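Let the sequences and hints guide you as you build the complete structure.
Sequence order for the protein chains is Y and D. UniProt numbering numbers the first residue of the first sequence as 1 and each following residue consecutively. UniProt numbering numbers the first residue of the second sequence as 1 and each following residue consecutively.
Honestly, I wouldn't trust all of these hints.
Where chains are identical, the list cannot tell them apart; a pair therefore holds if satisfied intra-copy or between any two copies.
As the list claims (entries may be wrong) - Once the Cα atoms are required to be at most 20 Å apart in a straight line, the calculated SDA-like pairs of lysine to any residue come out as: (1) Lys62 x Ala217; (2) Lys304 x Asn119; (3) Lys304 x Glu193; (4) Lys276 x Met132; (5) Lys88 x Glu38; (6) Lys62 x Asn239; (7) Lys275 x Arg57; (8) Lys276 x Gly289; (9) Lys232 x Glu260; (10) Lys84 x Asp109; (11) Lys62 x Gly218; (12) Lys275 x Met132; (13) Lys340 x Glu319; (14) Lys62 x Ala267; (15) Lys275 x Asn254; (16) Lys275 x Gly289; (17) Lys276 x Asp60; (18) Lys143 x Gly289; (19) Lys62 x Ala240; (20) Lys232 x Asp263.
What the hints contain is simulated information worked out from the structure, not anything from laboratory work. This one's a predicted model, so the numbers in the text were calculated from it and none came from an experiment.
2 protein chains.
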Amino acid sequence: MTQSNTVNRKLILAQRPVGAPDDATLRLETDAIPEPAEGQMLLRTVYLSLDPYMRGRMSDAKSYAEPVAIGGTMIGGTVARVVKSNVKGFEVGDWVLSFNGWQDYALSDGTMVTNMGKNPEAPSWALGVLGMPGLTAYAGLLKIGDPKPGETVVVAAATGAVGSQVGQIAKIKGARAVGIASGAEKCAYAVDELGFDACIDRFADDFAEQLAANCPAGIDVYFENVGGAVFKAVLPLLNANARIPLCGLIAMYNATQAPEGPDMSGALMSTFLVKKIKVQGFIVFDDFGHVYPEFSADMMAWIKEGKIKYREHLVEGLENAPSAFLDLLEGRNFGKMVIKVAEH
Amino acid sequence: MTQSNTVNRKLILAQRPVGAPDDATLRLETDAIPEPAEGQMLLRTVYLSLDPYMRGRMSDAKSYAEPVAIGGTMIGGTVARVVKSNVKGFEVGDWVLSFNGWQDYALSDGTMVTNMGKNPEAPSWALGVLGMPGLTAYAGLLKIGDPKPGETVVVAAATGAVGSQVGQIAKIKGARAVGIASGAEKCAYAVDELGFDACIDRFADDFAEQLAANCPAGIDVYFENVGGAVFKAVLPLLNANARIPLCGLIAMYNATQAPEGPDMSGALMSTFLVKKIKVQGFIVFDDFGHVYPEFSADMMAWIKEGKIKYREHLVEGLENAPSAFLDLLEGRNFGKMVIKVAEH
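Below, the structure is given as structure tokens:
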């Protein structure tokens, strides 16, 4: 079943996952396509962004954002087209960056919706390199990490939506970029295409040794988006006055309990102390929304100059979003994960 | 045996402590008073500062500073007088802020020695409110914690050299100051004399509940100098975008192994992430030496205006330094711990 102009398909949260999401987590339902009232418009989803933060919204653990309600439509950033419009400034056929969620159609009053015009170049990029993940990489790396020329920047998920930009921006700023990725193919891509100085396969038996060998002068900035075993290998390599922009902890998102002891939380604080490390958690639009104009200008210029490359992992069909999301959490994507919900 | 002008008493590191230092850790020895060569001066210790960081120098675990060698004299900040001088700018009788260590006499070429003149007011204050601990409080609180008027600042060891200044400076900046201290007498002092809004006895059975009750709007800045149980009680109260200047972890300094599990280090990072918390370790003279002039001017003014109060815990006699140091690590001091090594 593909997108139609008669029903609205949507993925609703059927139950909160314990551990990894499974077949019982989300349910595909259909209902009528809603009619826009005065001051509303109807949007049709073309691209749906899948991002690790969505795992958090499936849980009701206290977090920075409200969880999705049971029976509610999964939230998510989308690139969509205007189908009907009673909103000034939006015409039928316009492309928009919106927050439709995991469904074919959504109503909007225009709040937080960006009009991309009638004929944008590479519209789906607004979900990645030119959107939230790009800003996350840019602001986290430059405003918290602040890498100096010659310093070493390490980032995991190095071919992903955020990690790939962290490494490339680090290079633009004159730093050494060392990536971590899943498997040889991605590592080769990070070095050969994205220009990382090195990229280590996180599945290698001697992963920690390889990481150390490729950071001979230690690590000055660790852009944290994974946690777990990668962080464990990074920690002893951190230099004095290292900075850790703390953006995500994907390795932990499906964890159901804390790992067995001993409790190393005190030792972790002790390391931050003796090495004078700065750790700063951030949620990009809460903390760095004001950086968007600067980011946008820089990123557009860098793309034009060929300094920034971008790769999407496109999956066709809204019905495939749940399994694609699992792939994302496990690092089986190769590039920014985007669901192509419909033809243009 | 008191200070003489014939021998030099010194406390040397006899063996590295496992857990808390004990009688076998330090040994009192005597040797000849050294003669200053050309370009040197002889300094006589009047006051010796005891500070928690010294526990770290007794260990050879990797840290930000070299450990004291076995057989070496324990290091430490001192207020001393010039006995003989072959150094330009220093005359016999001058008071100096120096780094003689735990001994009666030391040679110096003037490097890192501050001349305090012939007749300083309250010379020992250079070891506390006007010196390293004061700068630690000032720079950590203002440059990392950056409290805004109306925000809540929490600090432990609230009557100690650093904590007492953190709370008072927080008040000067318009924030709410909540202290934590050992026992009712110190808590009363923190509130009645130092002007904290509240001070919780860390030995109270319902310590965590009391802390929560006294931080009704959560915690915006936690000045971390203790770790352990206090940090555990603070963590759930931290607000979004809280700041943690990480200055010390005295509760852990005598620990011989990590506590039993589960391993909460990942959960800790997760809290930093979802609450967008900034944690920053610092070593005051490494990171904030440049703040000294600003600190000094502000602090002098505040003392004159009666906005800053200061209390010393004076212990007489160099031979009592080892037991006083244990008292300091256990929080049995009441005010800045200073050994009065000699009469002026």
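We went through each hint and held it up to the structure:
{"no.": "1", "hint": "Lys62 x Ala217", "result": "between (39 Å within a copy, 17 Å between copies)"}
{"no.": "2", "hint": "Lys304 x Asn119", "result": "within (18 Å within a copy, 68 Å between copies)"}
{"no.": "3", "hint": "Lys304 x Glu193", "result": "within (16 Å within a copy, 64 Å between copies)"}
{"no.": "4", "hint": "Lys276 x Met132", "result": "between (30 Å within a copy, 17 Å between copies)"}
{"no.": "5", "hint": "Lys88 x Glu38", "result": "within (11 Å within a copy, 85 Å between copies)"}
{"no.": "6", "hint": "Lys62 x Asn239", "result": "between (33 Å within a copy, 12 Å between copies)"}
{"no.": "7", "hint": "Lys275 x Arg57", "result": "between (34 Å within a copy, 15 Å between copies)"}
{"no.": "8", "hint": "Lys276 x Gly289", "result": "between (28 Å within a copy, 14 Å between copies)"}
{"no.": "9", "hint": "Lys232 x Glu260", "result": "both (15 Å within a copy, 18 Å between copies)"}
{"no.": "10", "hint": "Lys84 x Asp109", "result": "within (12 Å within a copy, 83 Å between copies)"}
{"no.": "11", "hint": "Lys62 x Gly218", "result": "between (35 Å within a copy, 15 Å between copies)"}
{"no.": "12", "hint": "Lys275 x Met132", "result": "between (31 Å within a copy, 19 Å between copies)"}
{"no.": "13", "hint": "Lys340 x Glu319", "result": "within (10 Å within a copy, 77 Å between copies)"}
{"no.": "14", "hint": "Lys62 x Ala267", "result": "between (25 Å within a copy, 13 Å between copies)"}
{"no.": "15", "hint": "Lys275 x Asn254", "result": "between (30 Å within a copy, 19 Å between copies)"}
{"no.": "16", "hint": "Lys275 x Gly289", "result": "between (30 Å within a copy, 17 Å between copies)"}
{"no.": "17", "hint": "Lys276 x Asp60", "result": "between (34 Å within a copy, 18 Å between copies)"}
{"no.": "18", "hint": "Lys143 x Gly289", "result": "within (12 Å within a copy, 23 Å between copies)"}
{"no.": "19", "hint": "Lys62 x Ala240", "result": "between (33 Å within a copy, 12 Å between copies)"}
{"no.": "20", "hint": "Lys232 x Asp263", "result": "both (14 Å within a copy, 12 Å between copies)"}
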